[in-house]
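Residue numbers (the working numbering), protein chains in the order written: chain R, 1 to 313; chain E, 1 to 313.
These are computed hints drawn from the structure, not numbers from a lab.
Among these hints, one or two may not hold up.
Once the Cα atoms are required to be at most 27 Å apart in a straight line, the calculated DSSO-like pairs of lysine-lysine come out as [what the hints assert, rightly or not]: (1) K158/E to K180/R; (2) K234/R to K158/R; (3) K191/E to K233/R; (4) K194/E to K180/R; (5) K191/E to K194/R; (6) K191/R to K194/E; (7) K234/R to K194/E.
2 protein chains.
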Amino acid sequence: MKHFADKLIEAVKKKGNPICVGLDPRLAQIPDSIKQLALKGDNSPTEAAAIAILEFNKGIIDAVADIVPVVKPQIAFYEIFGAEGIRAYVETLKYAKSKGLLTIADAKRNDIGSTAAAYAQAFLGEVAIFEGEDEVVMPIFDADSITLNAYLGWDGIKPFVEECAKYDKGVFVLAKTSNKSSGDIQDLEMKDGKPLYEIMGHLIESWGADEVGESGYSFVGAVVGATYPEQAKKLRKLMPKSIFLVPGYGAQGGGAADVAPCFNEDGLGAIVNNSRGIIFAYEKMDFDPNAYGEAARAAVLEMKNDLASVIPT
Amino acid sequence: MKHFADKLIEAVKKKGNPICVGLDPRLAQIPDSIKQLALKGDNSPTEAAAIAILEFNKGIIDAVADIVPVVKPQIAFYEIFGAEGIRAYVETLKYAKSKGLLTIADAKRNDIGSTAAAYAQAFLGEVAIFEGEDEVVMPIFDADSITLNAYLGWDGIKPFVEECAKYDKGVFVLAKTSNKSSGDIQDLEMKDGKPLYEIMGHLIESWGADEVGESGYSFVGAVVGATYPEQAKKLRKLMPKSIFLVPGYGAQGGGAADVAPCFNEDGLGAIVNNSRGIIFAYEKMDFDPNAYGEAARAAVLEMKNDLASVIPT
Chain R
1 MKHFADKLIE AVKKKGNPIC VGLDPRLAQI PDSIKQLALK GDNSPTEAAA IAILEFNKGI
61 IDAVADIVPV VKPQIAFYEI FGAEGIRAYV ETLKYAKSKG LLTIADAKRN DIGSTAAAYA
121 QAFLGEVAIF EGEDEVVMPI FDADSITLNA YLGWDGIKPF VEECAKYDKG VFVLAKTSNK
181 SSGDIQDLEM KDGKPLYEIM GHLIESWGAD EVGESGYSFV GAVVGATYPE QAKKLRKLMP
241 KSIFLVPGYG AQGGGAADVA PCFNEDGLGA IVNNSRGIIF AYEKMDFDPN AYGEAARAAV
301 LEMKNDLASV IPT
Chain E
1 MKHFADKLIE AVKKKGNPIC VGLDPRLAQI PDSIKQLALK GDNSPTEAAA IAILEFNKGI
61 IDAVADIVPV VKPQIAFYEI FGAEGIRAYV ETLKYAKSKG LLTIADAKRN DIGSTAAAYA
121 QAFLGEVAIF EGEDEVVMPI FDADSITLNA YLGWDGIKPF VEECAKYDKG VFVLAKTSNK
181 SSGDIQDLEM KDGKPLYEIM GHLIESWGAD EVGESGYSFV GAVVGATYPE QAKKLRKLMP
241 KSIFLVPGYG AQGGGAADVA PCFNEDGLGA IVNNSRGIIF AYEKMDFDPN AYGEAARAAV
301 LEMKNDLASV IPT
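Excised from the complex, chain R in its bound form (with noise of 0.2 Å):
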């Protein structure tokens, strides 16, 4: 077993860049052969939904496995089709794993301690389930990191910090979000003249302190969007050893110049999501849907040649 921060450096060091593909099946933009197949046979509408975009998900994976270090589902796009929906995810996960990829449950759980920790044992952990000589104890999503949003103060990480050192996982907590109205609450200027998202930066990187890895950096990441370069500038100053989630490049408008600020000077610290951008790359780059895969791994290796000219080296 290897500390999570370690893991996540060697294999964006071994893929040669710090790309995340963002797994977020929208349904509409998913060729047609693969749903046509899915409604194919008495499978239910949430059903069909949730082999098509599995299926998908398999292509996407299948293309880019070599050449990225890791993956995020954003659930959302999951249980918008119920408990079938949910199957997929976990389906999704364990698929990605089995290629060699590092996996982010976008989740953002968020609750008091005790429902935490559930949500802890759920994504990052292993659940006991039933007691005595019944008792089953089982990983259920077996995500190696999960996004959460600290609104409701230390207590409600705690469980996933405590999970993270057990199972050698990691959580990436919201500071910037890459969203519009993201500064409504996070840009909030305090008493002492600091906004909001500041707090939570030294918070985030506080909460990680006692959990760094051999590589310099720990298990407790922030999440940070490429929108607001300014202000991710000043948390990588604020937050050395915090690695980096980074939304917004593609198609809510970050650039490589915008990403920037997010690395730290030996090139690290980072990784930048792209989700729409590349599993539905076909449709931009004008390829054949059926081609969606080819198309995913060209936008990932221009994506990587645009990063190449601004991170660190």
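Position chain E against the provided structure of chain R, taking the given hints into account.
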């Protein structure tokens, strides 16, 4: 169709109490007879667990449906059993609805706008699956309301508000939570000397300002913990039109006096959740485990008396 706040206020008046029963079916506390039945046959461990929690919930719902207005299943205690657990969650919501209860999906969802829209459709509205002649439009969770975390600001809340307006549903946004470390972020002092939870309260009230029903209450409610009565008092003044969902009564330490500040002078404006104290009342009240429904009913009636002493009439 009727405005969510009006439905909720009407249900509170009809049942003569503002009690919300938290359906957090921790498997370890579910009576053995239910678990043994679920383990019969060739069910997988997660299937058996899901069968047990659904069966348990039905017993609770049957026992309290005629005396409480609303139930709140906490999704973490279902998701911990993966896809099977989510199926039990959907079935629990459906069963509660069939017995005339309103439902709150306690999921604390939060994300950027396009992702929040997927959650909003899944939990509150309807989901369009496939297109053209294959299209099926169907509800997935079909809860009456959901809890939300607004750290991402307005554009993560807006898609839910839109579904609420369309389907007469409601939301409860975290303002001041009941847990011990809720102050880590929520009590931070802002530039103007106010704590963050007050700013959040103002925002929540403003998000619901145009969404007020005949009852005078909005479908944008707030989560305000019973464990912080002073803070609740301030929020109640700032947010006259928001219904408070109040956790923290019972197992978390809040008593009737602590809950009192959450009500308006009309004796309305708050619903008070109790999870463990009701559903596992059989343990504390020394009932036979198989009479857990009767114990839950007795606990509700006891809580009703307790609250009656403090709610303005």
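Exercise for the section: Compare the structure with the hints numbered earlier in the document and write down the numbers of the violated ones, lowest to highest. Expected result: Hint check: nothing fails, all pass.
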